[in-house]
Amino acid sequence: MEIYPKFYELDYDACDFVCLEATKNYYKILIGFNQVKYVKLSDSWMLTTWKNLIENSFGVTRKRDSRESNKLRSSNSEDSPEIPLELKTHENFCVINLEGGWLNVKYDCIYATDKYMEFEGEPCSTYIDKCENDKTGWIKWKENGELLVQIYLRP
Numbered sequence: 494m495e496i497y498p499k500f501y502e503l504d505y506d507a508c509d510f511v512c513l514e515a516t517k518n519y520y521k522i523l524i525g526f527n528q529v530k531y532v533k534l535s536d537s538w539m540l541t542t543w544k545n546l547i548e549n550s551f552g553v554t555r556k557r558d559s560r561e562s563n564k565l566r567s568s569n570s571e572d573s574p575e576i577p578l579e580l581k582t583h584e585n586f587c588v589i590n591l592e593g594g595w596l597n598v599k600y601d602c603i604y605a606t607d608k609y610m611e612f613e614g615e616p617c618s619t620y621i622d623k624c625e626n627d628k629t630g631w632i633k634w635k636e637n638g639e640l641l642v643q644i645y646l647r648p
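In this note's numbering, the protein residues as written are 494 to 648.
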């Protein structure tokens, strides 16, 4: 049987799956596009909500194919004004909070610059206040069951 985790970090011996259901005895996890497996509850498994996972991440970036359509907005609505950003190869947003399919974020002006070396390995929340231009707004993190962002779980 082939198993496809949502995230796989070989360097950290970590493998993340989508949990479809949790009971007092088992987790029902997604192991493929439409295949499920039931695993018995144990200390080896840790259940984390999307909200907790994303809000405690090292940051997020919009997937490249969604950057044009998933603009930074002034509120959590596609009709709200766009907050202009210089389009760069590498970007990072520090997550403030998650509400529905939207993330309230602050643009990380330090990521992908020479200054980042000073903060490498730290979550963006530890240095984001050093950004002089406060570009805070909203981006979509999911739509129609598809992730629109890449989540940085580890440095």
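Keep in mind that the hints were calculated from the coordinates and are not lab data. Hints may be right or wrong, so weigh each one.
[What the hints assert, rightly or not] Calculated lysine-lysine pairs in the DSSO-like style (CA-CA distance at most 27 Å, straight line):
no., residue 1, residue 2
1, 544, 623
2, 533, 544
3, 533, 564
4, 533, 556
[Unchecked claim] Label pairs and their calculated CB-CB ranges:
no., residue 1, residue 2, range
5, 636, 515, 19 to 27 Å
6, 592, 517, 42 to 50 Å
7, 545, 583, 23 to 31 Å
8, 593, 507, 20 to 28 Å
9, 626, 536, 38 to 46 Å
10, 514, 572, 17 to 25 Å
11, 613, 545, 38 to 46 Å
12, 528, 558, 19 to 27 Å
13, 568, 534, 34 to 42 Å
14, 532, 567, 38 to 46 Å
15, 568, 511, 38 to 46 Å
16, 579, 542, 26 to 34 Å
17, 606, 548, 18 to 26 Å
Values in this document were obtained by computation on a predicted structure and should not be read as measured data. We put the CB at the ideal spot given by N, CA and C, even for glycine.
Hint by hint, here is what the structure shows:
For the given pair, residue 544 sits about 25 Å from residue 623 by alpha-carbon distance, which is consistent with the 27 Å threshold. A distance of roughly 24 Å separates the Cα atoms of residue 533 and residue 544; the hinted pair therefore holds under the 27 Å criterion. With a C-alpha separation of about 41 Å, the suggested pair residue 533 and residue 564 falls outside the 27 Å cut-off, and the hint is violated. The straight-line distance between the Cα atoms of residue 533 and residue 556 is roughly 34 Å, outside the 27 Å bound, and the hint therefore fails.
Take residue 636 and residue 515: their Cβ atoms lie about 24 Å apart, and the range 19 to 27 Å holds. The hinted range of 42 to 50 Å is not satisfied by residue 592 and residue 517, whose Cβ atoms lie roughly 29 Å apart. One distance hint, 23 to 31 Å for the beta-carbon pair residue 545 and residue 583, holds here, with the actual separation near 26 Å. Taking 20 to 28 Å as the suggested C-beta distance range, the pair residue 593 and residue 507 conforms, at roughly 27 Å.
Here the CB-CB span from residue 626 to residue 536 is close to 45 Å, well matched to the stated 38 to 46 Å. A hinted range of 17 to 25 Å is violated for the C-beta pair residue 514 and residue 572, which are about 35 Å apart. Taking 38 to 46 Å as the suggested C-beta distance range, the pair residue 613 and residue 545 does not conform, at roughly 24 Å. For the pair residue 528 and residue 558, the beta carbons lie near 25 Å from each other, so the given range of 19 to 27 Å is met.
For residue 568 and residue 534, the Cβ-Cβ distance of about 40 Å falls inside the hinted range of 34 to 42 Å, so the restraint holds. Range check, residue 532 to residue 567: about 43 Å between beta-carbon atoms, so the 38 to 46 Å window is met. Between residue 568 and residue 511 the beta carbon distance is about 29 Å. The supplied range of 38 to 46 Å is therefore violated. For the hinted restraint 26 to 34 Å between residue 579 and residue 542, the CB-CB distance of approximately 33 Å keeps it satisfied.
Under the hint 18 to 26 Å, the C-beta atoms of residue 606 and residue 548, about 24 Å apart, fit the expected range.
Violated hints, in rising order: 3, 4, 6, 10, 11, 15; the structure is consistent with all others.
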